[in-house]
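Residue numbers (our numbering), protein chains in the order written: chain A, 128 to 532; chain B, 128 to 532.
It is possible that part of the hints are untrue.
Copies of the same chain look alike in the list, so a pair counts if it fits in one copy or across any two.
[What the hints assert, rightly or not] Derived lysine to aspartate or glutamate pairs resembling EDC-like cross-links, with alpha carbons at most 16 Å apart:
hint, residue 1, residue 2
1, Lys-434, Glu-463
2, Lys-317, Asp-202
3, Lys-361, Asp-303
4, Lys-216, Glu-250
Since the hints were made in silico from the structure, they are not lab data.
2 protein chains.
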Amino acid sequence: VNACILTIGDELLQGNTVNTNSSWIGRTLIKYDIIVKKIITIGDDIESIIIEMRYILNSGYDYIFVTGGLGPTHDDITKNAFVKLFNDKLIFNQSYYNKLKSKYEKNLIKMPSINRSQAMYPEKANIIPNNFGSALGMQYKDKNSNIFVMPGVPEEMKNMINDYILPELINKPLSDNVITIKTSGIMESKLAEKVNKIIIKYSNSCKFAFLPSYYGVSFRINRIDHNINIQDVKDEFYKAMEPYSFGINDDTLENYIANKLITQKHTIALAESCTGGNIAKRLSSIPGSSKYFLGGIVAYSNILKTKLLHVNLETLNKFGAVSKQVALEMARGIRENTKADIGISTTGISGPDSLGKKPIGLVYIALVSSNKTIVKKYNFNFGRNAHRELTTTATLNIIRLSDLF
Amino acid sequence: VNACILTIGDELLQGNTVNTNSSWIGRTLIKYDIIVKKIITIGDDIESIIIEMRYILNSGYDYIFVTGGLGPTHDDITKNAFVKLFNDKLIFNQSYYNKLKSKYEKNLIKMPSINRSQAMYPEKANIIPNNFGSALGMQYKDKNSNIFVMPGVPEEMKNMINDYILPELINKPLSDNVITIKTSGIMESKLAEKVNKIIIKYSNSCKFAFLPSYYGVSFRINRIDHNINIQDVKDEFYKAMEPYSFGINDDTLENYIANKLITQKHTIALAESCTGGNIAKRLSSIPGSSKYFLGGIVAYSNILKTKLLHVNLETLNKFGAVSKQVALEMARGIRENTKADIGISTTGISGPDSLGKKPIGLVYIALVSSNKTIVKKYNFNFGRNAHRELTTTATLNIIRLSDLF
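Please model the complete structure; the sequences and the hints are all you need to start from.
What follows is the structure in structure tokens.
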């Protein structure tokens with residue numbers, strides 16, 4: 128069962144918005160054995176949408192997911208494109224208009240007059256409700272393709288897929304043909320070397336893919352021979368990938384850490400320098416993270432390192448802010464300050480400028496608990512943003528592995 | 128002049144990686160009047176790449192940017208696809224192989240043997256050097272299309288475009304047909320209402336687009352009649368959009384704040400609760416931000432609010448953590464603690480759970496300086512992640528506008 132995603136919007140072509148919708152859809156569908164074969168992005172132009180949709184419809188996808196261009200402004204023309212494509216027409220829905228109007232009035236806002244267009248709905252389409260916004264979704268069927276047209280606002284689109292499209296309109300069981308092993312702390316080529324023999328062993332019964340990102344390397348197993356047990360294959364790879372393998376499918380380092388800390392009844396606090404709040408952001412992205420994540424200090428300046436984290440001025444002057452010694456004092460400082468069980472710190476050089484004789488990319492990560500003191504040194508010299516992201520992932524991985532060190 | 132982007136990788140289709148490459152390329156090219164008309168993503172499959180490339184080549188784009196699939200593992204097959212597409216062949220480059228090997232040896236790592244493939248290079252292609260990684264880029268020409276094939280690693284791709292493709296291989300001047308006005312603090316439909324008359328006035332000489340995102344609404348002006356002065360048009364819209372308009376093109380709230388604080392010689396520190404480090408992350412994403420951004424405290428738990436920010440326990444108990452009063456005490460606390468000129472705080476309910484009688488989406492943002500005390504209340508009820516992102520943007524916007532309040 129395959130799918131195509133068509134995302135519409137000049138803001139995507141011109142890079143004002145990153146296309147997170149298509150990756151979310153791909154990630155969600157694969158769990159139901161629906162494989163996205165192609166993602167296409169085009170601009171807000173009726174003719175382009177029609178041409179592209181005709182081409183997509185001729186390619187015979189089972190499911191076609193369309194997002195974007197359902198808003199109220201003049202460049203939101205997706206509804207008109209589909210009306211033209213399917214020889215449909217728009218009809219004014221008085222009751223939906225009243226509902227929209229009263230929603231605005233409840234918030235003491237006068238509804239902008241252009242929002243009237245949100246109550247115009249194509250006659251032949253099924254309505255997909257929108258729990259978060261004003262633009263309704265549409266379902267069309269054409270030959271053997273099932274087409275879902277949704278707004279580009281991520282929360283609205285996700286809600287439509289999770290609450291209506293997957294349970295009601297698709298209604299397919301979760302798949303047992305695909306498993307993804309999540310790893311952290313090893314680069315793609317090293318991981319490939321590690322499992323090369325097992326890949327060859329299963330090469331006739333499974334397809335494999337290495338999926339690298341700033342969050343680690345994922346390894347996807349796709350069963351093609353239904354006589355083999357995919358759980359056994361997964362277990363064999365998982366074991367060979369230890370201690371880098373930490374979970375499967377939707378598991379993340381953040382989730383792993385959440386479960387671990389909740390089980391151990393441990394709390395954690397951060398002293399971030401070069402990561403500038405990114406680790407805090409990732410830890411606190413988990414709902415309920417306040418149970419184990421107390422918070423932390425972003426000691427971006429040296430002043431805060433001494434003032435709030437009580438890093439010794441002598442240590443700073445003697446070894447420099449980016450040093451093993453300062454990393455340790457930062458981790459100790461945040462632990463004492465917050466009474467957290469585990470104190471974590473990062474200090475490094477993200478660039479673009481280097482720091483004295485120390486190279487861009489250098490970073491120290493420290494972890495301090497009642498019975499452990501760990502400092503790790505890395506060099507991630509791939510640009511400022513990559514440095515911050517890779518340091519964040521390396522830190523989360525140190526927290527995950529801290530019982531092993 | 129138009130372009131098409133082809134991004135290759137199962138990790139993009141299956142959503143393990145978000146496609147940030149294509150948005151970066153789109154954003155970069157538009158400055159040179161090269162308009163991306165289409166972005167296509169397909170998987171790591173030789174036949175799919177060849178079919179897709181033939182279709183793209185027939186569509187007559189001036190430039191075709193291809194990323195991904197140049198790594199060393201078995202599923203990196205882009206090079207082989209292009210060799211087949213252009214009846215080319217791979218040749219082993221001994222000197223590049225030696226260079227790669229010595230690079231690994233310098234870092235005291237044995238080069239994985241599969242990296243040998245990185246020294247295999249197509250005979251007919253021009254080499255595009257890679258300053259950050261081992262995979263070389265390729266340039267092909269076909270009919271009137273200029274094709275650039277690059278690795279999927281963002282830093283490597285960006286460096287190839289910035290250092291080789293734009294200055295040497297394309298060598299086009301910066302455009303004066305497109306200007307984007309950046310706004311913050313107003314929603315798309317309200318902004319559209321505000322400038323509707325000016326849009327009508329220029330409807331024959333320009334094309335316009337509203338580009339909404341979590342970072343604000345951008346407004347793109349595209350000149351089609353060369354007799355008008357695009358700067359004048361921009362100025363007219365910019366004025367009508369005040370005080371929401373804050374910059375053009377690549378300007379960001381973070382850059383605006385950087386310039387403002389550096390000029391005013393002011394420092395800033397943060398006390399973040401619901402945003403969990405996201406504001407710190409965005410402020411510290413600017414190289415050199417340590418000049419004005421001292422850092423801050425992520426007071427995710429109430430314990431840190433009282434202990435490190437000195438929020439009064441009575442205030443917390445009486446008004447709750449998400450209240451005007453606690454927001455103010457947090458901003459005052461971080462300002463006093465760090466001696467920053469400006470203290471900023473956020474406290475809100477990102478969800479999924481609400482807090483007592485207070486609704487999900489509620490948030491208070493406070494700013495305290497020597498002569499100002501501002502608290503703003505918002506409700507961003509569009510899901511947890513949107514709440515954190517919109518609160519972050521609203522906070523940066525309050526910093527931007529603080530002189531006006």
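Checklist entry - Quick one: Lys-216 to Glu-250, C-alpha cut-off 16 Å, is that within a copy, between copies, both, or neither? => result within (6 Å within a copy, 55 Å between copies)
Item to check | Alpha-carbon proximity context of Lys-361 and Asp-303, limit 16 Å | outcome: within (12 Å within a copy, 55 Å between copies)
Checklist entry - Is it within a copy, between copies, both, or neither that the alpha carbon of Lys-317 lies no farther than 16 Å from that of Asp-202? => result For Lys-317 and Asp-202, only the inter-copy Cα distance (15 Å) is at most 16 Å; the intra-copy one is 48 Å.
Next on the checklist: Please sort Lys-434 with Glu-463 into within, between, both or neither, judging by C-alpha distance up to 16 Å.
Outcome noted: both (14 Å within a copy, 12 Å between copies)
Going down the numbered hints, you'll see the structure goes against none, and every one checks out.
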